[in-house]
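Novice: The primary structure of each chain is shown beneath.
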Amino acid sequence: MKIGLFIPCYVDVVYPQVGVATYKLLKHLGLDVTYPLNQTCCGQPMANAGFEKQAIPLAEKFEDKFKEFDYVVAPSVSCTAFIKINYPRLLEGKHECITSSKIMDVIEFLHDVIKVDHPLGTFPHKVSLHNSCHGVRELGLSSPSEEHVTPFNKIKDLLNLVEGIQVLEPERPDECCGFGGMFSVEETVVSAQMGLDKIQRHMKTGARFITGPDCSCLMHMSGIAKKQGLNVEFKHVVEILAAGL
Amino acid sequence: MKSEKVMSTGHSKAAKEFLKNQTYAKWHDATFWAVRSKRDNMAYGLDEWEQLREKASQIKRHTITHLDEYLDLFATNAEKNGCIVHWAKDANEFNEIVYGILKNHNVKKMVKSKSMLTEECEMNPYLEAHGIEVVETDLGERIIQLKGQKPSHIVMPAIHLNHDDVGELFEEKLGSEKGNHDPTYLTYVARLSLRNEFLTADAGMTGGNFGIAETGDIVVCTNEGNADMSTSCPKLHIAAIGLEKIIPNYDCLAVFQRMLCRAGTGQPTTTFTSHFRKARPTAHPMHIVLVDNGRSEWIGNPEHWEALKCIRCGSCMNTCPVYRRSGGYSYSYFIPGPIGINLGMLRDTQAHSGNVSACTLCLSCQTVCPVKVNLGDQIYQWRQQLDEFGTANPQKKLMCKGMSAVYGNEGIYNLGTALAHWANLIPSPLMNCGLNPWAEGHKMMEFPKKPFHKLIKDLEK
Amino acid sequence: MSNKEDILKRYRANVREMYDMPDLSDIAAITYGDPLVQFIKMTESVGGHVIEVKEGQDINTLVREMYPDAKEIASNLPEVTIATRNPDTVGRARDLNGTDVGIIRGMFGVAENACVWIPQTMKEKAVMFISENLVILLPKSQIVNNMHEAYKRIEFDETYDGYGTFISGPSKTADIAQVLVMGAQAARSATILLLPE
Chain Z
37 MKIGLFIPCY VDVVYPQVGV ATYKLLKHLG LDVTYPLNQT CCGQPMANAG
87 FEKQAIPLAE KFEDKFKEFD YVVAPSVSCT AFIKINYPRL LEGKHECITS
137 SKIMDVIEFL HDVIKVDHPL GTFPHKVSLH NSCHGVRELG LSSPSEEHVT
187 PFNKIKDLLN LVEGIQVLEP ERPDECCGFG GMFSVEETVV SAQMGLDKIQ
237 RHMKTGARFI TGPDCSCLMH MSGIAKKQGL NVEFKHVVEI LAAGL
Chain D
179 MKSEKVMSTG HSKAAKEFLK NQTYAKWHDA TFWAVRSKRD NMAYGLDEWE
229 QLREKASQIK RHTITHLDEY LDLFATNAEK NGCIVHWAKD ANEFNEIVYG
279 ILKNHNVKKM VKSKSMLTEE CEMNPYLEAH GIEVVETDLG ERIIQLKGQK
329 PSHIVMPAIH LNHDDVGELF EEKLGSEKGN HDPTYLTYVA RLSLRNEFLT
379 ADAGMTGGNF GIAETGDIVV CTNEGNADMS TSCPKLHIAA IGLEKIIPNY
429 DCLAVFQRML CRAGTGQPTT TFTSHFRKAR PTAHPMHIVL VDNGRSEWIG
479 NPEHWEALKC IRCGSCMNTC PVYRRSGGYS YSYFIPGPIG INLGMLRDTQ
529 AHSGNVSACT LCLSCQTVCP VKVNLGDQIY QWRQQLDEFG TANPQKKLMC
579 KGMSAVYGNE GIYNLGTALA HWANLIPSPL MNCGLNPWAE GHKMMEFPKK
629 PFHKLIKDLE K
Chain P
17 MSNKEDILKR YRANVREMYD MPDLSDIAAI TYGDPLVQFI KMTESVGGHV
67 IEVKEGQDIN TLVREMYPDA KEIASNLPEV TIATRNPDTV GRARDLNGTD
117 VGIIRGMFGV AENACVWIPQ TMKEKAVMFI SENLVILLPK SQIVNNMHEA
167 YKRIEFDETY DGYGTFISGP SKTADIAQVL VMGAQAARSA TILLLPE
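Chains as they are written, first to last, in my numbering: chain Z, 37 to 281; chain D, 179 to 639; chain P, 17 to 213.
The hints are simulated quantities; they were obtained by calculation from the structure and are not laboratory data. Errors might be hidden in some of the hints.
Claimed, not checked - Taking lysine to aspartate or glutamate pairs in the EDC-like style, the calculated list, with each CA pair at most 16 Å apart, reads:
{"#": "1", "chain 1": "Z", "residue 1": "Lys-190", "chain 2": "Z", "residue 2": "Glu-144"}
{"#": "2", "chain 1": "D", "residue 1": "Lys-621", "chain 2": "Z", "residue 2": "Glu-269"}
{"#": "3", "chain 1": "P", "residue 1": "Lys-25", "chain 2": "D", "residue 2": "Glu-475"}
{"#": "4", "chain 1": "P", "residue 1": "Lys-168", "chain 2": "D", "residue 2": "Glu-566"}
{"#": "5", "chain 1": "Z", "residue 1": "Lys-89", "chain 2": "D", "residue 2": "Glu-566"}
{"#": "6", "chain 1": "Z", "residue 1": "Lys-162", "chain 2": "Z", "residue 2": "Asp-233"}
{"#": "7", "chain 1": "D", "residue 1": "Lys-413", "chain 2": "P", "residue 2": "Glu-171"}
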């Protein structure tokens, strides 16, 4: 099984340690992981802003770079969802999209494909789980609170394999944090309010860390928390899974 | 030049004002979340909830793509029942038809139950200008009518007013006890006032939650009984209904009736689910006005035709985190929230493009929608069309062009990411100036010295 | 061409892909071990009252006991002897205003939501809404589980075949500051008298 590691633009620049944790975790599990060089972006920021055609050349590059792998794994639910859902349509008429059926977020990959069920790292802390919208409602990482379905949460399942951890969920467990890409700079006040409300709900659980499967949510909330002087820390789920390994 | 002016829309400016009153904004958010929670309890209480949503969606897809047949059947049956059926191609024609009927019956005063369709057609001001007094009888609608305001939500139109606002209004307009702002008392004051209106009106108008093709029934759902009072005393009943509200038969109605109130208000049913087939024996024949006003065009829109499935329950607004924190008046269209963004664009892309960015694409709306309108997906699609409509934000367009250029060229990207950590050294006043909208709500992130693509070499060893 | 033809023609021309009607016979709708028990529970939860009438008990005595101060009682039901007004014989609908108790007949109840199907069986249906208090006579064996079952059996009266309604509890509103108030524009209380067979 050959795995191609996709590290999205903002993870590359702002949260490289998440990329490092992902790489280390996959290697620790004995997997054949390659990071093809010269990656850039999946195109989601432009597409959500209304210019999805600008994602087409990026989709072509992505196809080219990753088509030989069995799986493409990324530590980002929003990028994964964007590629999975939109690349086939964006490349329609040019050629069949291969990578959209191979791309998986690292959490769904570990849960559904590798089916990790043995203890992972060590992280003896209370964490509050941030169920990022793309993960819930596009990738099915957890049961949406809106739906009447048997509850499940793949992120929680994996986190519970970490030694010493206590996983909590806030009230309104899958309400949006308010990032929304361009939304955060276009509707600055609503975005900041949503972020603050979410952080406060997370903190109400008593957790020291807020963790989630997408750095864009974490980047948004940590920026707000710092500005508001709130004492809470942020970690991507994969950093916790790899902690101490 | 402040960033606010550069990227702001009508919605973002209004939302900013809305959030200035933090006490009120928190109450607004909590109130609508409570309704969303009540909906959740209803959904969790029925094992068949998701099955019902799927059936409802399929029934609507079938019905609205065969709507001409069902409309014909509905009209035929309604006419067989003795009703007079009118067809209005647009809002103006609707208003003219209604006025014509009222004039023919020498109507001076008409009571009406809630109808978003009449709001859409701006019927009230039209009739008032032609000398007909129109009295809203849904308590929420009556309150905003007396106050001279528009509805801020399609099901709870006066939700933005507290009991003091209503108390003061009733003191002024209905002569209620000064200082008594108890909601039970105020409701009683309205009851007495409206009772008099029902008894003295010459005509009653209702909307239609559903029209049943197989039988010609108009079905109206209310908690107050005001549609039934509006049609039990006055001798003329006019029912106004949008084309897309017609459904095939009672088996279909069962599905929608079970979902409408559970989704919209978290109740298992409205108090009254009334079937109007014909006028009562002591009244004039019942008039039904079917209204197009764009619907026959919208069905042809490849990305947005499914907006016609909407049954106007309001659950998308209740769950929308942006609506809850900005209120109905922040939107430029008379219907707010996710369905309002979509219907507004179908109505007028030039006037309502500003709403399209009032969304994080969280997709909660389409996950609650009882008929599975793909509300969030459609908002994404409207965004792709703004450029062709000529309403794309130029600053956004420029930013995306810039990003494209960087991401499209590995050389530039690698250079940019290598230099990114220098941003850490930019002095705070400069970084947090008006040109950086991110800095309005966030402290700037720290850029690590090396991006991942530089670290990987060491990891691979 | 008439407006109707215009609209239908334009609509038909614009429809793109067509979809089939789904099968509705496999909806796994909720059912109850004892629908009557659920009906009573739901009626109480929506603010209504339920009284089980005993074999041989006179409903007229019962209504008098429930509303000792009632002056005007409206009903066209043959078994109601205490009516002071009759919705079949009033001059105008508005003459029924000021009715303290309206007594009407329901055909069947729905367990899932406390709805009672009430076809119009009187000249002036205003009696169902204009009365301050509503009393509905309902045969206690006639309770169905859910609205799917209900909509398979609703019927309209032969004479007054223009109207029928489901009523679930008293009229209500929460339009003022989200405070729930019973008695908006119609009856302020609704009592179901469950009749023995």
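Novice: So, for every hint listed, does it hold in this structure?
Specialist: Each hint, compared with the structure:
1. A hinted pair counts as satisfied when its Cα atoms are at most 16 Å apart, and Lys-190/Z with Glu-144/Z qualifies at roughly 7 Å.
2. At roughly 14 Å between alpha-carbon atoms, Lys-621/D and Glu-269/Z fall within 16 Å of each other, so this suggested pair holds.
3. Taken as a hint, the Lys-25/P and Glu-475/D pair is honoured in the structure, with Cα atoms around 11 Å apart against an allowance of 16 Å.
4. Taking the CA atoms of Lys-168/P and Glu-566/D, the gap is about 50 Å. The hint is violated against a cut of 16 Å.
5. With a C-alpha separation of about 13 Å, the suggested pairing of Lys-89/Z with Glu-566/D holds against the 16 Å cut-off.
6. Straight-line distance between C-alpha atoms of Lys-162/Z and Asp-233/Z comes to about 20 Å, which puts the hinted pair past the 16 Å bound.
7. Simply put, Lys-413/D and Glu-171/P have alpha-carbon atoms about 24 Å apart, too far for the 16 Å limit, and the pair is violated.
Against the hints set out earlier in the document, violations occur for numbers 4, 6, 7.
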